[in-house]
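Asker: Heads up: the protein sequence lines correspond to chains A, B and C, in order.
Heads up, the first sequence is in the numbering used here, so the first residue is 16 and it goes up one at a time.
Heads up, the second sequence is in the numbering used here, so the first residue is 862 and it goes up one at a time.
Heads up, the third sequence is in the numbering used here, so the first residue is 32 and it goes up one at a time.
If you're looking for bench data, these hints aren't it; they were derived computationally from the structure.
Virtual Cβ for every residue (Gly too), placed ideally from N, Cα, C.
Incorrect hints may have been included.
[What the hints assert, rightly or not] Some but not every residue of chain C turned toward chain B, in silico, with C-beta under 7 Å:
1) Arg-140
2) Val-310
3) Arg-314
[Stated by the list, open to error] Now the stretches of chain A that chain B is said to cover, found in silico as 3 or more residues with beta-carbon under 8 Å:
4) 18 to 28
5) 32 to 40
6) 105 to 115
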Amino acid sequence: MSGQYHRPHRWAWFLERPGYMRFMVRELTSFFVGGYLVVFLITLARLGGGEAAFAEWVAALASPGWMAAHIVALVAAVWHAVTWFAAVPQAMPIYLGEERLPAPIAAIVMGYGPWLTVTAVIVWWVLR
Amino acid sequence: MPAQDTMTLEIFRYHPETDSEPRFQSFEVPYNEDWVVLDAMNWIKDHVDGSLTHRWSCRMGVCGSCGMMVNGEPKLTCAAFLKDYYPFSIKVEPLVNFAVERDLVVSLDGFMEKLQAVKPYIVRDDVNDTSGGEYMQTPAQLAQYKQYSMCINCMLCYAACPVAGHEDEFLGPAALALGHRYNKDSRDQGQSERLDVMLMGEAIWGCTFVGECTEVCPKHVDPAGAIQQAKAGAAQEYFKRFVAPKGAGA
Amino acid sequence: MGHGTTQQHDVIIIGGGGAGLRAAIAIAQENPSFSVACVSKVYPMRSHTVTAEGGAAASIKPNDSLEDHIYDTISGADWLADQDAVEYFVNEAPAEMIQLEHWGCPWSREPDGSVAVRPFGGMKIERTWFAADKTGFHMLHSLFQTTLKYGNIVRYDEHFATKLLLDDNGNCRGCAAIELRTGSTRAILGKSVIICTGGAGKAFPFTTNGSIKTGDGMAMAYRAGVALKDMEFIQYHPTGLPGTGILITEASRGEGGILVNKDGHRFLQDYDLGEALDVSDPRHPQKRAMELGPRDKLSQCFIKERDAGRTIETKDGHVMHLDLRHLGEAKIDKKIPFVRELARNYAGIDPVHQPIPVRPVVHYVMGGIDTDTDAATNIPGLYAAGECACVSINGANRLGSNSLTELLVFGAQAGRHAARFAMDHPDYDVSALEAQAADEGARVRRTYFDASRKGERIVTLRTELHDAMEDGAGIYRDADSLQAACATVTDLRERYRNVTLDDHTNSFNTELTAALELGSLLEVAEAMANSGLKRTESRGSHQRTDHPERNDDDFLAHSMAFRQEGGAPPRIDYKPVTITKWPPGARTYGAGSGLKKPAGETT
Ligand SMILES: Cc1cc2nc3c(=O)[nH]c(=O)nc-3n(C[C@H](O)[C@H](O)[C@H](O)COP(=O)(O)OP(=O)(O)OC[C@H]3O[C@@H](n4cnc5c(N)ncnc54)[C@H](O)[C@@H]3O)c2cc1C
Ligand code: SF4
Ligand code: FES
Chain A
16 MSGQYHRPHR
26 WAWFLERPGY
36 MRFMVRELTS
46 FFVGGYLVVF
56 LITLARLGGG
66 EAAFAEWVAA
76 LASPGWMAAH
86 IVALVAAVWH
96 AVTWFAAVPQ
106 AMPIYLGEER
116 LPAPIAAIVM
126 GYGPWLTVTA
136 VIVWWVLR
Chain B
862 MPAQDTMTLE
872 IFRYHPETDS
882 EPRFQSFEVP
892 YNEDWVVLDA
902 MNWIKDHVDG
912 SLTHRWSCRM
922 GVCGSCGMMV
932 NGEPKLTCAA
942 FLKDYYPFSI
952 KVEPLVNFAV
962 ERDLVVSLDG
972 FMEKLQAVKP
982 YIVRDDVNDT
992 SGGEYMQTPA
1002 QLAQYKQYSM
1012 CINCMLCYAA
1022 CPVAGHEDEF
1032 LGPAALALGH
1042 RYNKDSRDQG
1052 QSERLDVMLM
1062 GEAIWGCTFV
1072 GECTEVCPKH
1082 VDPAGAIQQA
1092 KAGAAQEYFK
1102 RFVAPKGAGA
Chain C
32 MGHGTTQQHD
42 VIIIGGGGAG
52 LRAAIAIAQE
62 NPSFSVACVS
72 KVYPMRSHTV
82 TAEGGAAASI
92 KPNDSLEDHI
102 YDTISGADWL
112 ADQDAVEYFV
122 NEAPAEMIQL
132 EHWGCPWSRE
142 PDGSVAVRPF
152 GGMKIERTWF
162 AADKTGFHML
172 HSLFQTTLKY
182 GNIVRYDEHF
192 ATKLLLDDNG
202 NCRGCAAIEL
212 RTGSTRAILG
222 KSVIICTGGA
232 GKAFPFTTNG
242 SIKTGDGMAM
252 AYRAGVALKD
262 MEFIQYHPTG
272 LPGTGILITE
282 ASRGEGGILV
292 NKDGHRFLQD
302 YDLGEALDVS
312 DPRHPQKRAM
322 ELGPRDKLSQ
332 CFIKERDAGR
342 TIETKDGHVM
352 HLDLRHLGEA
362 KIDKKIPFVR
372 ELARNYAGID
382 PVHQPIPVRP
392 VVHYVMGGID
402 TDTDAATNIP
412 GLYAAGECAC
422 VSINGANRLG
432 SNSLTELLVF
442 GAQAGRHAAR
452 FAMDHPDYDV
462 SALEAQAADE
472 GARVRRTYFD
482 ASRKGERIVT
492 LRTELHDAME
502 DGAGIYRDAD
512 SLQAACATVT
522 DLRERYRNVT
532 LDDHTNSFNT
542 ELTAALELGS
552 LLEVAEAMAN
562 SGLKRTESRG
572 SHQRTDHPER
582 NDDDFLAHSM
592 AFRQEGGAPP
602 RIDYKPVTIT
612 KWPPGARTYG
622 AGSGLKKPAG
632 ETT
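Next up, chain A with everything else stripped away, as it sits in the complex:
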């Protein structure tokens, strides 16, 4: 008797739970992060191609379409970063003796703290 019942595969599984949708959003935001990296690389290439090429590229980026794309990419990147920092305490628990550092503190110590520090250093270096 091999009468086991197997449920059909659910192609729209990601709609079934809010958690799945959050997961999909997180994964999709990575395209924006990746996309912006491409923009960044092009920028570097143009910088290497001389002042004129760079100026032309920067002017192009200032168009309304590109500005909108920048904002979307920024939101996506921030969201992506936030979800990763939220995961840090789970993936890298810190123990003080028997006690585990509470998640919000661990997220600051391991995530937001270093992030803000690095950002601050870069901002200082650029504006120096």
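Dock chains B and C with the ligands against the given chain A, drawing on the hints supplied.
Answerer: Just chains B and C with the ligands, lined up with the frame of chain A:
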């Protein structure tokens, strides 16, 4: 609450000897504030339809037998109170991502193999020699793995995991959490053997960190966290083996 | 339900709880070439050992001694325990517990890394090892996961054993078991057999026991001709949640919890259980006194208090209050977190802020399959260990936390002896046993799948059994109540012959297993009620209002219930208790009570 109050349970039915497709059957049960979904199912079995088939034993959330989908959520039915659904009807289905044996009973064959695969026991040469007294383990060392030892094998996490649903090679949340539990135990020396298993194919890398296993776990095991930590350990091990093949440097 | 395939191994274990798994590992180690079968009606990790909360006793600390553990156990048992068995048990306990530690059990620890111990009821010294308050859960999973290391342990998960198979020479050689997935009855054969099927609390309506504790192994042995020993001794645990019967562990009192009546008064002091020290007194909780008295006495005190009108009435009956508030949130969360989780989920009470309503609840069967200290029964090749067995170390009242240790000590013992028997008696006739199993499969089918039957439902009979046992064989009993229980059980056994099922199909027929379980409970209940009726004294958990005194002249003896054919009540014989160094004495609790008199010579 008037005593004659009732509630409706819509229950998934499937019999391997007679059915090719499952169906849903409705049952009226007396509403009792103190009842859990499991009590209602037992009432049906006792009084209405003795053929209703489900597993249960402890009725106190620790034996792990009674996991089912309750209104689409993986739940221990002995910890899901009718009062939290009243007066609406409750839909009860077998855990998803498992083959159904009959009605609410699912097959655990796959999980049992995966559990065995992660070597969920202390690996150490003198493990059967008690003459030296207990192995010392400080409360801080205990805290490192205690959470991951709380798994009751209820399978709710597999029902919540989209990867477990379609990737057979993936060991899944509970088995990986238990493997990690032993890796983190200060008495154990079997990490490398266990990583051999975890490094294979999709065994651990199948996990995309959806994180819903942790959301549904009734015992706060946090399998998602355990898996990410285990991945970090596996990556280190992988690198070590790459640099010094055959684990010579481990 | 066709015939399943025959399976052959060296040793067959029926039961995958703590005792069964410990036995399996012992055999796998004793003889690595042996094939061990572990037959269990549920997956091993669902076995009821998983629910045990408080801890497991073994004397290892420098301030403790083996002698003290022995004396506490014997006096706790009201001198009905066999003293040679208790000595063996206590001596073996530390090594067994350390072994389980080596196998990964996450015992709670002292700051220096050594195993921590807590006080428990009836114990003079703190000697109860614990893994927070999920001790049984951790022990069972550690054992189960350790068995996965051994390739020679073969599991038959979700196989329901219905009958022991004996060869022509009267040796036990296996069991007939229904494979739930297919419904076929298989012959699972071996050279020796160990029963580890656990207790039978489900004979009562209000119990801490899960649905699987139905005395199947006791009934199988009883039908095969083994005596059920001391079945009248049923332990009521004083602190179960009203309504569900969910246990609130004794560890909550070991950590300092107190019991109060409706006036907030610690009433145990009125019943010779010692002085009520203030909860802030460093000597609280006092060992072998007050809230840490033995379970039988505490449950009896509750009934007296209730009869005096000083308990609290609720919709689920009378209760007392277990007050943990003075322990504080940190200690509760660290030492007894499961108590908090259970009280919140199932009683809507947060013990940090409110006292927990509790009442006595059927918890443990002291009696069981008659075995000796080798875990052997009177049938060659048949052994038993765990709650289903009666060695006896528990006598008339088990001390909390001795049972989990007993699973290890006697599980291992049964494993070793069964392995030796298998080595010495390897040959048997397979076909005769196969035929027996086939007959058993046919009998089950004929009995339960007869479509022409118009009998009663399982639930009708089970409810009547529950009422009869609760009314007739509860905390206090007398000749009339026990007589009534005996009569009802006899009547129910007759009506059970016609029990009628809705489900006559093969695959996963859990209505069939429920019917078989009811059959087991009826056998076991019959032994309980009849043994109780014949014992005209009060001892430990067996309190006869018509015979309130202990009577050592006539009853310092184990009751031995032998099953009779044709529905006749069991024959009850008596077997003397083995007394070695500790002559029967008065059982006292309260200040200084654990001070053992110097051991006398054999009496
Ligand atoms: C709520 C609770 C708390 C407790 N707390 C403590 C404590 O703190 N300390 C302590 O010392 N003791 C405690 N006890 C008692 C102790 O837990 C039990 O006595 C002990 O666990 C019994 O173990 P076992 O191996 O004998 O049986 P179980 O663990 O009950 O296992 C029985 C096995 O037999 C199998 N089986 C039964 N019938 C059949 C059949 N027909 N066919 C096939 N297989 C079958 C089952 O599947 C199961 O695997 C507690 C008990 C309860 C109920
Ligand atoms: S990890 Fe949690 S959800 Fe998964 S099986 Fe274990 S207890 Fe259940
Ligand atoms: S019945 Fe044991 S977990 Fe629900």
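Asker: Against this structure, judge whether each hint is valid.
Answerer: Now for the hints, and whether the structure bears them out:
| no. | hint | verdict |
| --- | --- | --- |
| 1 | Arg-140 | 5 Å, holds |
| 2 | Val-310 | 25 Å, violated |
| 3 | Arg-314 | 26 Å, violated |
| 4 | 18 to 28 | holds (count 8) |
| 5 | 32 to 40 | holds (count 4) |
| 6 | 105 to 115 | holds (count 9) |
Hint check: violations occur at hints 2 and 3; the rest are consistent with the structure.
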